[in-house]
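*Asks:* Please build the complete structure, drawing on both the sequences and the hints.
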Amino acid sequence: MNISDRETATVPHLANSKTVSWYEASARQRVQLLLDAGSFHEFIGPEQREESPHLQVFDLPTQFDDGIIIGRGRIAGAPVFVAAQEGRFMGGAFGEVHGAKLTGLLRAARDTKSVPVLILFDTGGVRLQEANAGELAIAEIMRALIEARMAGVKIVGLIGGRAGCYGGGGLIAGCCSALAVSEQGRIGVSGPEVIETNRGVEEFNSRDRALVWRTMGGKHRRLLGGAEAFVDETIQSFRSFALHLIGSAPVFGAEVLKAEQTRLEQRLQRFGLCADAVDIWKAEGVADAEAVPVMAAADFNDLANKAREPRYDAR
Amino acid sequence: METLSYRHKAQERAAGSKSLAIIGVVASGNLEVLVERLLPDTECQVDINTAAEGFGAVWEAVVADFVERRSPGGLKLSINDGGARPDTVALRLAQAVRLIEEDDQ
Amino acid sequence: MTAWRKAQNSRDARIAAGSKLAQGKVVNARDATALLEAVIRPGDRVCLEGDNQKQADLLAGALATVDAHHVHDLHMVQSGVVLPEHLDVFERGIAKRLDYSYSGPQSARIAKMLFGGKIELGAVHTYLELFARYFIDLTPHVALIAAVSADREGNLYTGPNTEDTPTVVEATAFKDGVVIAQVNEIVDKVPRVDIPGDRVHFVVRADKPFFVEPLFTRDPAAITEGQILTAMLALKGIYGPYGIKRLNHGIGFNTAAIELLLPTYGERLGLKGKIASRFALNPHPALIPAIEAGWVEQIHSFGSEVGMDDYIRARSDVFFTGDDGSLRSNRAFCQVAGLYACDMFIGSTLQIDLQGNSSTITTARIAGFGGAPNMGSDARGRRHPTEPWLRAGQEADPDGPATLRRGRKLVVQIGETFGDKNIPLFVEKLDALILAEKLKLELAPLMIYADDVTHIVTEEGIANLLLCRDKDEREQAIRGVAGYTDVGRARNKKMVQRLRERGVIRRPEDLDIDPLDADRSLLAARSIKDLVRWSGGLYAPPSQFRNW
Numbered sequence: 013m014n015i016s017d018r019e020t021a022t023v024p025h026l027a028n029s030k031t032v033s034w035y036e037a038s039a040r041q042r043v044q045l046l047l048d049a050g051s052f053h054e055f056i057g058p059e060q061r062e063e064s065p066h067l068q069v070f071d072l073p074t075q076f077d078d079g080i081i082i083g084r085g086r087i088a089g090a091p092v093f094v095a096a097q098e099g100r101f102m103g104g105a106f107g108e109v110h111g112a113k114l115t116g117l118l119r120a121a122r123d124t125k126s127v128p129v130l131i132l133f134d135t136g137g138v139r140l141q142e143a144n145a146g147e148l149a150i151a152e153i154m155r156a157l158i159e160a161r162m163a164g165v166k167i168v169g170l171i172g173g174r175a176g177c178y179g180g181g182g183l184i185a186g187c188c189s190a191l192a193v194s195e196q197g198r199i200g201v202s203g204p205e206v207i208e209t210n211r212g213v214e215e216f217n218s219r220d221r222a223l224v225w226r227t228m229g230g231k232h233r234r235l236l237g238g239a240e241a242f243v244d245e246t247i248q249s250f251r252s253f254a255l256h257l258i259g260s261a262p263v264f265g266a267e268v269l270k271a272e273q274t275r276l277e278q279r280l281q282r283f284g285l286c287a288d289a290v291d292i293w294k295a296e297g298v299a300d301a302e303a304v305p306v307m308a309a310a311d312f313n314d315l316a317n318k319a320r321e322p323r324y325d326a327r
Numbered sequence: 177m178e179t180l181s182y183r184h185k186a187q188e189r190a191a192g193s194k195s196l197a198i199i200g201v202v203a204s205g206n207l208e209v210l211v212e213r214l215l216p217d218t219e220c221q222v223d224i225n226t227a228a229e230g231f232g233a234v235w236e237a238v239v240a241d242f243v244e245r246r247s248p249g250g251l252k253l254s255i256n257d258g259g260a261r262p263d264t265v266a267l268r269l270a271q272a273v274r275l276i277e278e279d280d281q
Numbered sequence: 322m323t324a325w326r327k328a329q330n331s332r333d334a335r336i337a338a339g340s341k342l343a344q345g346k347v348v349n350a351r352d353a354t355a356l357l358e359a360v361i362r363p364g365d366r367v368c369l370e371g372d373n374q375k376q377a378d379l380l381a382g383a384l385a386t387v388d389a390h391h392v393h394d395l396h397m398v399q400s401g402v403v404l405p406e407h408l409d410v411f412e413r414g415i416a417k418r419l420d421y422s423y424s425g426p427q428s429a430r431i432a433k434m435l436f437g438g439k440i441e442l443g444a445v446h447t448y449l450e451l452f453a454r455y456f457i458d459l460t461p462h463v464a465l466i467a468a469v470s471a472d473r474e475g476n477l478y479t480g481p482n483t484e485d486t487p488t489v490v491e492a493t494a495f496k497d498g499v500v501i502a503q504v505n506e507i508v509d510k511v512p513r514v515d516i517p518g519d520r521v522h523f524v525v526r527a528d529k530p531f532f533v534e535p536l537f538t539r540d541p542a543a544i545t546e547g548q549i550l551t552a553m554l555a556l557k558g559i560y561g562p563y564g565i566k567r568l569n570h571g572i573g574f575n576t577a578a579i580e581l582l583l584p585t586y587g588e589r590l591g592l593k594g595k596i597a598s599r600f601a602l603n604p605h606p607a608l609i610p611a612i613e614a615g616w617v618e619q620i621h622s623f624g625s626e627v628g629m630d631d632y633i634r635a636r637s638d639v640f641f642t643g644d645d646g647s648l649r650s651n652r653a654f655c656q657v658a659g660l661y662a663c664d665m666f667i668g669s670t671l672q673i674d675l676q677g678n679s680s681t682i683t684t685a686r687i688a689g690f691g692g693a694p695n696m697g698s699d700a701r702g703r704r705h706p707t708e709p710w711l712r713a714g715q716e717a718d719p720d721g722p723a724t725l726r727r728g729r730k731l732v733v734q735i736g737e738t739f740g741d742k743n744i745p746l747f748v749e750k751l752d753a754l755i756l757a758e759k760l761k762l763e764l765a766p767l768m769i770y771a772d773d774v775t776h777i778v779t780e781e782g783i784a785n786l787l788l789c790r791d792k793d794e795r796e797q798a799i800r801g802v803a804g805y806t807d808v809g810r811a812r813n814k815k816m817v818q819r820l821r822e823r824g825v826i827r828r829p830e831d832l833d834i835d836p837l838d839a840d841r842s843l844l845a846a847r848s849i850k851d852l853v854r855w856s857g858g859l860y861a862p863p864s865q866f867r868n869w
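Chains as they are written, first to last, in the numbering used here: chain A, 13 to 327; chain B, 177 to 281; chain C, 322 to 869.
Each hint should be verified, as a subset may be incorrect.
Stated by the list, open to error - Within a straight-line C-alpha distance of at most 20 Å, the following computed DMTMM-like cross-link-like pairs (lysine to aspartate or glutamate) qualify:
1) C:Lys815 / B:Glu244
2) B:Lys252 / A:Glu59
3) C:Lys529 / A:Glu214
4) C:Lys742 / B:Glu229
5) C:Lys417 / C:Asp394
6) C:Lys814 / B:Asp241
7) C:Lys529 / A:Asp220
8) B:Lys252 / B:Glu277
9) C:Lys814 / B:Glu244
10) C:Lys742 / A:Asp71
11) C:Lys510 / C:Asp472
Simulated from the structure, these hints should not be mistaken for laboratory data.
Source: prediction; values computed, not measured.
*Replies:* Written as structure tokens, this is what we have:
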């Protein structure tokens with residue numbers, strides 16, 4: 013093991029990776045514990061100081077890595093690219109540099125035609141302070157992601173942090189080969205407060221957290237088919253499922269896209285009139301749908317695997 | 177935004193052989209510290225970029241105590257601060273030194 | 322003859338007037354305002370619950386809408402000024418004078434109204450003190466209370482949030498006052514009789530359950546490394562050495578961190594069974610891990626806490642419960658327990674001055690006192706000795722003759738040197754003094770007086786004020802734990818060093834505590850979900866604390 017200038021620091025005094033909470037961990041900690049020990053090599057690390065050129069105007073502090081860590085490592089010995097968003101910096105939101113780092117990583121993956129990418133989403137969307145650059149970045153990322161998939165690369169999203177996966181992040185997640193989400197994870201585009209502000213509290217009470225989680229949270233996404241795997245909140249659990257999804261995610265192409273379109277149309281037909289997620293779960297044949305939010309992860313997965321529609325060749 | 181910089185003499189070189197470490201997150205009440213082994217053994221420098229203006233005297237005191245306690249010889253510490261309290265700053269500085277002094281995994 | 326029964330005659334007349342709206346004792350919710358207009362007379366003392374947690378919100382709303390021509394110049398006597406309606410009655414000329422204890426949620430508005438002359442302030446009290454005055458000079462003419470259910474005879478079930486009700490009813494009913502209760506439902510038989518019907522005159526069934534706020538729930542996810550460090554210092558530097566078994570925790574994240582460190586750090590220190598076994602305390606969810614790990618023998622509570630009912634039912638060996646299984650709380654008795662039967666109070670504050678006076682009042686916000694002045698005071702009437710009490714007494718007066726030397730209750734103020742919004746905890750002059758000058762008060766509203774404070778714990782260390790021999794030592798001991806605040810940076814370094822050598826100040830290193838070890842992995846629970854797991858699924862947190 014060589015000691016290079018690019019080495020990422022380890023974090024002291026952590027419990028072993030089996031018990032460290034994904035939600036609690038920083039992006040750096042997640043990367044460190046997700047990958048094989050010592051295998052991570054960071055691209056455009058913090059010492060390069062590629063910080064946001066825009067935040068100063070707003071008297072906002074920058075972060076050396078602009079809130080996203082990218083690089084390459086190994087998981088169970090096999091090479092993998094990783095991008096991890098820091099949800100506590102600017103809400104994990106996309107800015108110019110942040111977005112460019114992810115675009116670059118996806119293009120690098122595309123060029124290998126084989127090395128999979130893990131995206132550790134933890135984002136509220138695009139930074140208001142870098143709105144134009146951020147929105148452009150989302151589009152560039154989606155294009156780079158699809159190009160990589162077309163070249164044969166699997167791209168797996170891992171979602172379970174404080175910011176969830178919203179806005180442009182939700183759009184990018186929708187383009188991934190597969191998603192693993194924990195209970196605390198949420199996936200959506202418009203956030204709860206935005207919905208309430210625009211549609212009123214009767215439409216969506218953003219302070220009713222049980223409602224927010226029923227509508228956008230990990231368990232619902234799993235039951236709806238919006239995520240492939242529901243994981244318990246440890247880093248070890250995400251690691252296991254990341255490996256599994258890399259192996260099982262389908263190859264991409266026009267046929268897969270068409271199948272996905274059909275799947276989504278059918279979903280809308282089946283559940284479009286349901287007022288609440290509990291109604292969807294009941295319609296899917298889940299016994300004791302009301303108890304889903306409080307179910308332990310193992311019990312929930314048993315249930316999800318039974319209720320799951322047959323394996324499809326979509327996404 | 178305010179930029180501050182403090183250069184000190186340190187008693188001893190910081191232990192270990194790692195050349196780089198980073199700790200913390202830039203968020204309200206928090207900060208990140210990037211530490212690089214770049215300077216001569218008995219020198220150290222702390223550069224700060226902070227959103228909270230006018231606290232120069234406090235930063236100076238925190239940095240001086242840190243240098244005396246932890247002897248960060250050879251280290252350049254760069255801080256992006258989101259308005260953290262002095263005790264949080266002291267903690268992160270100490271964490272940064274401990275990180276860079278640790279053995280590799 | 323009738324000259325000695327004026328109060329009874331008045332009560333009878335009020336009841337007769339109110340009865341026109343009632344069927345037996347029961348009055349419709351829509352007649353609540355009319356009921357109050359019939360029963361209340363101008364200039365009455367009215368006690369409106371107004372407790373720390375539960376609020377008689379229907380009756381508060383009804384009172385705020387009475388016709389001010391008929392009902393005016395009321396003297397409000399209540400524990401808590403919590404709902405907007407509690408202050409609306411003053412805006413509308415219905416009420417004129419106020420005696421109370423706690424106004425946290427209304428602290429900004431009440432400050433404005435006091436400065437604007439809209440409220441004639443009697444005094445701000447601590448809870449037990451206000452209750453005491455209900456029996457001497459602030460006895461209510463009318464009490465507006467909140468209960469869970471009633472039967473047709475007026476027997477009330479107040480349930481887990483019994484809180485102040487028995488005390489309020491005792492004072493009012495037995496001094497010819499009228500008691501009006503709002504209830505969530507009327508039943509054939511109440512689960513248990515908390516208030517016998519012969520002291521309840523009217524019962525109003527509300528459309529929705531009375532308002533209760535989850536005040537004592539602290540999300541472990543929000544606990545910081547600084548709070549964990551102060552918790553470690555408190556456990557190793559105070560709880561352990563003094564052997565504190567009987568105690569009260571004030572509300573806050575610093576004490577929540579202590580509660581969550583008992584099964585982990587406390588266990589590691591070998592303190593189980595030696596500390597923290599009997600509490601005067603609301604059912605803090607953060608204490609669940611310690612209870613489950615066998616640390617806690619008994620808890621008496623001031624009130625309940627939203628979401629804890631099922632857990633409490635299942636842990637009746639620890640909590641006070643009725644035959645119906647639910648918690649029985651009682652603020653007055655729990656305050657007495659904290660005063661006389663506890664060896665330590667530990668809590669947070671917003672400002673501490675150079676002598677150790679402690680205050681939560683700022684010039685823009687008047688939050689009142691709640692229970693802290695009582696819990697945080699040395700009970701000079703106490704006579705039974707315990708080890709920690711005697712030891713503290715000895716530290717305070719090392720030369721006095723042992724058999725004439727009373728003990729001292731430990732009163733600990735804990736917090737980080739910089740609080741919310743980086744505002745310093747330590748100041749040269751308390752805002753409370755500035756407020757007293759502005760409002761021309763005879764007494765500055767201090768929460769805890771310097772001569773009651775025995776220890777101060779910050780991330781910089783512990784200051785033991787009992788060991789200080791004079792004012793200067795006291796000041797330097799405080800400056801010596803005031804960190805990088807202006808107060809801390811102005812310390813006399815030599816004197817602080819000498820105080821440290823004597824053990825008056827102890828830094829983390831002096832206790833073999835490395836601040837870098839103060840991290841969240843020490844917490845027995847790091848999220849609300851963890852607390853639910855510890856409780857075996859019995860704890861049901863309210864919606865705002867969920868992330869599932």
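*Asks:* With the threshold set at 20 Å, check whether the alpha-carbon distance from Lys815 (chain C) to Glu244 (chain B) stays at or below it.
*Replies:* Given that 20 Å is the threshold and the Cα spacing comes to 17 Å, the pair holds.
*Asks:* Lys510 (chain C) and Asp472 (chain C) were given as a pair; does the straight-line alpha-carbon distance stay at or below 20 Å?
*Replies:* 6 Å, holds
*Asks:* Would the pair Lys814 (chain C) and Glu244 (chain B) pass a check requiring their Cα atoms to be no farther apart than 20 Å?
*Replies:* 15 Å, holds
*Asks:* Does Asp220 (chain A) sit within 20 Å of Lys529 (chain C), going by the straight-line distance between their CA atoms?
*Replies:* 18 Å, holds
*Asks:* Are Lys252 (chain B) and Glu277 (chain B) close enough, with their CA atoms no more than 20 Å apart?
*Replies:* 13 Å, holds
*Asks:* For the pair supplied as a hint, Lys814 (chain C) and Asp241 (chain B), confirm whether the alpha-carbon distance does not exceed 20 Å.
*Replies:* Holds, at about 13 Å.
*Asks:* Is the straight-line distance between the alpha-carbon of Lys529 (chain C) and that of Glu214 (chain A) 20 Å or less?
*Replies:* At roughly 19 Å apart (the allowed maximum being 20 Å), Glu214 (chain A) and Lys529 (chain C) satisfy the hint.
*Asks:* Does Glu59 (chain A) lie within 20 Å of Lys252 (chain B) when you go C-alpha to C-alpha?
*Replies:* The hint holds at about 11 Å.
*Asks:* Regarding the pair Lys742 (chain C) and Glu229 (chain B), is the alpha-carbon distance no greater than 20 Å?
*Replies:* 14 Å, holds
*Asks:* Need the status of pair Lys742 (chain C), Asp71 (chain A): alpha-carbon distance at most 20 Å?
*Replies:* 17 Å, holds
*Asks:* Taken at face value, is the distance from the CA of Asp394 (chain C) to the CA of Lys417 (chain C) at most 20 Å?
*Replies:* Given pair Lys417 (chain C), Asp394 (chain C) holds - Cα atoms ~5 Å apart, limit 20 Å.
Checked against the numbered hints given earlier, this structure breaks none of them.
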